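Visitor: As they're listed, the protein sequences go chains X and C. If you use the numbering used here, the first sequence corresponds to residues 72 to 466, in order. If you use the numbering used here, the second sequence corresponds to residues 408 to 554, in order.
What the hints contain is simulated information worked out from the structure, not anything from laboratory work. Keep in mind the model is a prediction, meaning the values are calculated, not measured. Where a beta carbon is used, it is the ideal one built from N, C-alpha and C, also for glycine. There may be inaccurate statements among the hints.
Stated by the list, open to error - Under 7 Å between C-beta atoms, here's a sample of chain C residues computed to sit facing chain X:
#  : residue
1  : Arg423
2  : Val425
3  : Ala440
4  : Gly443
5  : Ile445
6  : Lys451
7  : Asn464
8  : Phe466
9  : Gly467
10 : Cys468
11 : Gly469
12 : Ile472
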Amino acid sequence: MFVYADNAATTSVSKAALDAMLPYLTEYYGNPSSLYAFGQKAAEALQEARETVAKCINAEPREIYFTSGGSEADNQAIISAAKLGARKGKKHLISTQFEHHAVLHTLAKLEKEGYEVTLLDPHSDGVIRVEDVAAAIRPDTALVTIMFANNEIGTVQPIAEIGALCREKGIPFHTDAVQAAGHMPIDVKAMNIDMLSMSGHKFHAPKGVGVLYARRGMVLTNIIEGGAQERGKRAGTENVAGIVAMAVALKESCEHMEENTAKIIPMRDKLFAELSKIPHSKINGSLEHHVPGTVNMCFEGIEGESLLLLLDDAGICASSGSACTSGSLDPSHVLLSIGLPHEVAHGSLRLSIGEYNTMEQIDHIIETVPKVVSYLRGMSPVWDELQKGERPHLI
Amino acid sequence: MALYSEKVMDHFRNPRNVGQIDDADGIGEVGNAKCGDIMRMYIKVDDDQVITDIKFNTFGCGSAIATSSMATEMIKGKTIDQALELSNKAVVEALDGLPTHKIHCSVLAEQAVRAAVKDYYDRKGIAYNPEDFREMDDEELHEHCGV
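Using the sequences plus the hints, can you model the full thing?
Guide: What follows is the structure, encoded as structure tokens:
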């Protein structure tokens with residue numbers, strides 16, 4: 072059985088999105104910047120997509136900027152707010168330890184350019200506290216950027232409260248909503264969000280297309296210079312087909328959000344319930360504040376990459392925060408930020424399910440994971456020491 | 408291209424010589440759980456200094472398990488002297504290569520064999536030059552993971 076359980080990494084393109092985009096690759100392939108009617112046909116599609124996306128998050132169409140994805144949107148939002156702040160002598164940026172690297176690396180770059188960055192620690196439940204944000208705010212704070220939902224552990228942050236705080240203090244607030252868009256209700260007006268990033272391929276649109284929402288009045292700095300596309304704020308001929316698909320996929324996801332959530336939650340809860348029966352396992356992140364589909368757990372005494380390879384052999388696509396799978400040399404910064412010891416973080420497993428998964432697939436995961444964990448523990452000297460009491464259990 | 412060669416995947420999926428030896432003549436353990444890999448090797452040595460049996464336990468990624476397996480296969484039935492000649496490079500070659508960031512797994516495998524031999528020498532009271540067993544300390548071996 073093949074089970075794709077890595078929907079937080081990427082998703083399949085929905086049929087509706089694919090059907091909507093294809094004509095813009097073959098029939099209506101004109102450049103939206105061209106004057107003639109054939110080009111204007113593409114321009115109209117862009118405008119319609121902009122209206123659709125805006126409606127899904129309660130924004131205005133002119134506040135929607137199409138980008139190449141979530142990373143570009145994050146880069147542009149943060150750099151824009153930083154430059155804007157610097158002009159007023161404000162060079163302090165607030166974020167969190169467990170952001171996506173698109174945010175963290177952009178902040179690190181700005182730090183080298185003379186900005187001061189405060190990275191807040193999430194609590195052990197994977198949730199940032201609004202009072203911690205309030206305490207970090209200074210007169211020279213130029214931006215607060217806090218993710219909507221964490222990509223590894225799926226915890227949802229108190230975005231509306233942070234938004235209200237920032238609005239009251241007059242500080243621009245950006246949120247990386249890549250893991251939330253299409254999966255949770257977003258209302259940029261009610262939540263007082265000034266800028267927000269989305270990525271199409273996390274909600275059944277193709278890869279390579281995303282959105283930066285920037286509230287009217289937010290002055291954007293170009294990351295890509297060139298033509299006057301996207302109100303002069305993002306140069307480059309628009310990915311018309313991708314944008315059309317993204318709008319359709321987002322609308323579809325938002326319209327079916329309740330039924331999708333109702334389908335996903337029982338599958339997720341079954342995974343949590345059954346996999347928690349594995350001794351010395353731990354669920355990472357608060358279940359109370361959680362996106363529907365993400366399951367993140369640690370299993371003591373094993374390492375994540377070998378777990379993933381054996382799950383792959385059983386047809387299951389999943390991911391892990393172990394150092395060996397991150398391609399870097401440390402285990403996941405997210406798991407470390409919620410206080411997990413290194414040796415536990417190495418044994419993490421993320422399963423992210425979506426509405427296309429079935430209960431039969433969940434049962435296959437539930438049947439496979441305990442066997443694989445037990446097999447790997449059987450050859451693990453760490454498990455051996457834990458069993459013999461030579462090493463204390465950490466979870 | 409896949410991350411690992413067919414040989415690596417074969418040794419990962421069907422590791423040779425997994426287990427422990429209760430009456431081992433030498434046990435070597437290297438690595439650090441914080442860094443995500445620990446290898447432990449058990450050897451049984453006869454009077455002619457031939458390694459008649461070898462087993463391993465490994466906590467680690469696919470290549471850590473595969474290099475342990477390959478290393479044990481390469482020295483089983485060999486003499487202690489031959490085992491000491493086993494290089495991490497030879498293990499990598501026998502596995503048809505490893506990704507660059509996994510080479511340290513093969514170093515661990517080589518070190519685990521040497522640690523087991525040293526333990527055997529210590530138990531039997533066999534004299535050796537400590538310089539030959541200047542173990543790479545954890546810090547050096549695990550410089551990569553910054554813990």
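Visitor: Work down the list of hints and note, for each, if the structure agrees.
Guide: Cross-check of the supplied hints:
1. Arg423: Arg423(C) check fails; min Cβ-Cβ to chain X is 12 Å, beyond 7 Å.
2. Val425: holds (5 Å)
3. Ala440: holds (4 Å)
4. Gly443: holds (4 Å)
5. Ile445: For Ile445(C), the interface hint holds, since the closest Cβ of chain X sits about 5 Å away, which is under 7 Å.
6. Lys451: With a minimum Cβ separation of about 18 Å from chain X (threshold 7 Å), the hint on Lys451(C) is violated.
7. Asn464: Hint on Asn464(C): holds, closest Cβ of chain X at ~4 Å, below 7 Å.
8. Phe466: At about 4 Å, which falls below the 7 Å cut-off, the nearest Cβ of chain X leaves the hint on Phe466(C) intact, so it holds.
9. Gly467: holds (5 Å)
10. Cys468: holds (4 Å)
11. Gly469: Interface hint status for Gly469(C): holds (5 Å vs cutoff 7 Å).
12. Ile472: holds (6 Å)
Of the hints listed earlier, those the structure fails to meet are numbers 1, 6, in rising order.
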